[in-house]
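When you get a sec, could you build the whole thing from the sequences and use the hints?
Protein chains: 2
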Amino acid sequence: MEYGAVSLQKLIEHFQRMPGIGAKTAQRMAFYILSLPPEQAHAFADAVTDASDNIRRCAVCCNLTDKEICPICADKKRSRQTVCVVENVESLMAVEKTNEYTGTYHVLHGVISPLDEVGPDDITVRELLARIAADDVKEVIMATGSNVEGELTAMYISKLLKPLNVKVTRLAYGLPVGSDLQYADAVTLLRALQGRQEL
Amino acid sequence: MEYGAVSLQKLIEHFQRMPGIGAKTAQRMAFYILSLPPEQAHAFADAVTDASDNIRRCAVCCNLTDKEICPICADKKRSRQTVCVVENVESLMAVEKTNEYTGTYHVLHGVISPLDEVGPDDITVRELLARIAADDVKEVIMATGSNVEGELTAMYISKLLKPLNVKVTRLAYGLPVGSDLQYADAVTLLRALQGRQEL
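From first to last, the protein sequence lines are chains G and U.
Quick note: to get this note's numbering, add 1 to the position in the first sequence (first position is 1).
Quick note: to get this note's numbering, add 1 to the position in the second sequence (first position is 1).
The reader is advised that the hints may include incorrect statements.
Because identical chains share one entry, a pair is satisfied inside a single copy or across any pair of copies.
Straight-line distance between alpha carbons at most 25 Å, and here's what the computed BS3-like set of lysine-lysine pairs gives [unchecked claim]:
(1) Lys11 to Lys160
(2) Lys98 to Lys11
(3) Lys25 to Lys163
(4) Lys160 to Lys25
(5) Lys68 to Lys78
(6) Lys68 to Lys11
(7) Lys98 to Lys25
(8) Lys98 to Lys78
(9) Lys78 to Lys160
(10) Lys77 to Lys160
(11) Lys163 to Lys98
(12) Lys98 to Lys77
Honestly, the hints are just simulated from the structure, not real lab data.
Written out as structure tokens, the structure reads:
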């Protein structure tokens with residue numbers, strides 16, 4: 002429907018294509034853009050094109066970066082001998098937020114999922130294997146999700162790495178911190194029991 | 002925090018400034034932009050700048066448009082003698098969606114709100130008064146919200162219009178269609194009673 006401005010309708014449509022954005026939110030976002038001073042709207046548009054044009058994968062770990070090597074891999078204080086394998090950049094950000102991890106990462110950009118026809122060659126498994134020898138990696142921490150695809154990917158990669166004499170570890174399963182026992186699902190509780198530790 | 006790409010962080014920050022968009026949603030939107038083919042990301046950025054640069058107020062009704070006169074005012078089939086006064090373009094869109102209104106609009110771009118220091122001169126009251134004589138307006142429908150500011154604005158404008166020999170009407174109050182009587186608030190129910198009509 003055309004109420005007034007074609008360019009407004011177009012902008013609303015663009016916002017509406019985003020994941021999780023419905024008609025009302027898209028409309029609100031478009032009006033927010035209109036409410037901005039022109040230079041701020043232009044800065045926003047530039048941020049979109051900059052990100053789209055300049056972001057590529059780090060030559061080492063496949064993290065998204067606007068340089069050849071991402072800041073984490075470029076940081077001399079971070080160990081290249083410990084590699085945390087994550088599904089995507091969102092997961093990398095989540096691990097970074099712990100402020101405790103001092104190794105480097107490897108971003109798979111996906112998980113192995115036979116149902117979606119995603120195989121090992123569709124994610125960055127080959128790049129990971131290339132690093133193992135090159136960087137003399139001692140430990141690979143499999144930090145893929147604890148769902149079926151995440152498990153499958155972790156299993157597959159650990160089988161590839163074992164013959165290369167690399168220690169492969171997996172994130173611990175258990176109760177989320179601050180959670181109530183009565184709301185924990187049976188599988189998580191079982192894993193927490195199995196993984197119990199002495200106090 | 003800097004995980005990899007400065008331009009990605011910037012883009013996330015831009016999205017996060019939008020109303021109702023939190024950190025997680027902003028991140029998801031930024032990754033959506035990165036997932037787009039470059040030409041689509043550029044099209045999105047262009048839509049933002051186009052909207053910001055080209056959208057202005059219709060010379061007649063103050064609706065947002067990219068032309069001198071908005072399509073509703075330009076439409077010869079729509080009566081300029083009936084003017085529906087709305088707070089903003091969102092309200093105009095809502096009335097248009099009824100598909101029944103054949104008059105024109107006047108967009109106030111705000112409501113009178115002494116608490117927020119918004120007076121009649123900050124909204125398009127002057128432009129509305131100018132139209133009354135110019136277009137020989139017969140009826141003005143006050144379609145501002147049914148909250149305190151909306152009521153105040155409707156009252157204020159109707160007082161200005163009465164001496165000009167214009168019929169001023171207000172949207173009906175009552176139960177929303179499809180609602181349950183037990184969940185209606187007392188004030189709405191009182192208004193519905195007062196406005197009861199013969200069957």
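Here is what the structure says about each hint:
1. Lys11 to Lys160: neither (49 Å within a copy, 39 Å between copies)
2. Lys98 to Lys11: For Lys98 and Lys11, only the inter-copy Cα distance (18 Å) is at most 25 Å; the intra-copy one is 37 Å.
3. Lys25 to Lys163: This pair counts as neither: shortest intra-copy Cα distance 51 Å, inter-copy 36 Å.
4. Lys160 to Lys25: Neither: 48 Å inside a copy, 34 Å across copies.
5. Lys68 to Lys78: within (19 Å within a copy, 58 Å between copies)
6. Lys68 to Lys11: between (33 Å within a copy, 15 Å between copies)
7. Lys98 to Lys25: Classified as between: cross-chain Cα gap 14 Å, same-chain 32 Å, threshold 25 Å.
8. Lys98 to Lys78: within (17 Å within a copy, 60 Å between copies)
9. Lys78 to Lys160: neither (29 Å within a copy, 72 Å between copies)
10. Lys77 to Lys160: neither (30 Å within a copy, 73 Å between copies)
11. Lys163 to Lys98: neither (29 Å within a copy, 63 Å between copies)
12. Lys98 to Lys77: For Lys98 and Lys77, only the intra-copy Cα distance (19 Å) is at most 25 Å; the inter-copy one is 60 Å.
Hint check: violations occur at hints 1, 3, 4, 9, 10 and 11; the rest are consistent with the structure.
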